[in-house]
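Peer 1: In case you want the letters, here they are:
2 protein chains.
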Amino acid sequence: MQLATRRAYAGKVVRVDVDTVRFPDGSTGDLELIRHPGAAAVIPCASDPAGGDPTILMIRQFRHAAGGPLWEIPAGTLAPGEAPEACAHRELREETGVTAERIERLTSILTTPGFTDEVIHLFWAQGLTRGAAARERDEFIEVVPQPLSGVLAGIRSGEVRDAKTIVAILYMAGFILGL
Amino acid sequence: MQLATRRAYAGKVVRVDVDTVRFPDGSTGDLELIRHPGAAAVIPCASDPAGGDPTILMIRQFRHAAGGPLWEIPAGTLAPGEAPEACAHRELREETGVTAERIERLTSILTTPGFTDEVIHLFWAQGLTRGAAARERDEFIEVVPQPLSGVLAGIRSGEVRDAKTIVAILYMAGFILGL
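Sequences listed follow chains A and B, in order. Just remember that the working numbering sits 646 ahead of the position in the first sequence, which is counted from 1. Just remember that the working numbering sits 646 ahead of the position in the second sequence, which is counted from 1.
It is possible that part of the hints are untrue.
Each pair may be met inside one copy or between any two copies, as identical chains are not told apart.
Within a straight-line C-alpha distance of at most 20 Å, the following computed EDC-like cross-link-like pairs (lysine to aspartate or glutamate) qualify [unchecked claim]:
hint: 1; residue 1: LYS658; residue 2: ASP694
hint: 2; residue 1: LYS658; residue 2: GLU747
hint: 3; residue 1: LYS658; residue 2: ASP763
hint: 4; residue 1: LYS658; residue 2: ASP671
hint: 5; residue 1: LYS658; residue 2: GLU782
hint: 6; residue 1: LYS658; residue 2: ASP784
hint: 7; residue 1: LYS658; residue 2: ASP676
hint: 8; residue 1: LYS658; residue 2: GLU678
hint: 9; residue 1: LYS658; residue 2: GLU788
hint: 10; residue 1: LYS658; residue 2: ASP699
These aren't lab readings, by the way, just hints derived from the structure by calculation. A quick note: this is a predicted structure, and the numbers were derived from the prediction, not measured.
Hey, can you work out the whole structure from these sequences and the hints?
Peer 2: Below you can see the structure in the form of structure tokens.
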């Protein structure tokens, strides 16, 4: 149970709170927590998944945190008041230029609950129509269509390293496609 | 490419740097990054996985970030100079009381590369021997043995929400056990 909180740092993106918490044994202590508004990520399925090996629009994105480009699926932070599914539609459009007819929820994850409350809601999109991307100034993104089998091979080999991307792809492949 | 860095916040656990970065197009900008020393997480397999549905020692841990308990696998931050595999052995022992004969690497993930460089190295452990746990003062952990099929059902239903746990279990189940 949270007894008190103070904002210890407020940057452009990152906000750190120090919360005073009552633990399950009744003792109390201070915990640092990065407050995050939540995010949505979406697998763009460019062909019928019933075919067995659908084409995924993967993105290759420059990430300073990784010291270079990462394989990811489109994703972004929820705008104030924005529903996760609306965010998935918007980020898909902005990052790949694609509009989706249908978006279905897969699951939601806590990315790293030891120090942040960030939740990412995971979706997959079908019925895609191409348009123009509208990236933010500091987004460097290349769209790379790949068969699902190729993405799974990249996860197996360790080339795909982004947690939300691995969870979304393995969840879809395992539980929806029954691979 | 990183051109400069300044420490914007240094707490007990969390350190925020503001890095000046040259982007792929030659422009520059400031990016906030939570610096993390890295971590290891390990699936404790309490019975022979070749049997088809091995018993996993899951942990149920109080997480302030989640507002309650979460289903997880044992994990923790690398000590200075500690190898990921040694950290996996240590955290397994401290959080569950179990010693492992063999620990094998599954893969490594970036938990949320939009704002932290945290990498978690994922392992699975076999040949377990029971001993006494040695938890830290603010760790509230219950060890709950479960069949792998039960953990997979929890992932499917959304009851298991921790990203590192989902990646480790689906990776092991999909790629090693061939489910």
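Peer 1: If a hint holds in the structure, say so; if it doesn't, say that too.
Peer 2: Comparing the hints with the structure gives:
1. LYS658 x ASP694: Neither, since 40 Å and 49 Å both go past 20 Å.
2. LYS658 x GLU747: Neither: 34 Å inside a chain and 47 Å across chains, both beyond 20 Å.
3. LYS658 x ASP763: both (17 Å within a copy, 17 Å between copies)
4. LYS658 x ASP671: Classified as neither: same-chain Cα gap 36 Å, cross-chain 22 Å, threshold 20 Å.
5. LYS658 x GLU782: within (15 Å within a copy, 33 Å between copies)
6. LYS658 x ASP784: within (14 Å within a copy, 30 Å between copies)
7. LYS658 x ASP676: between (24 Å within a copy, 10 Å between copies)
8. LYS658 x GLU678: The answer is both: 18 Å in one copy and 7 Å across copies each meet 20 Å.
9. LYS658 x GLU788: neither (25 Å within a copy, 38 Å between copies)
10. LYS658 x ASP699: neither (41 Å within a copy, 47 Å between copies)
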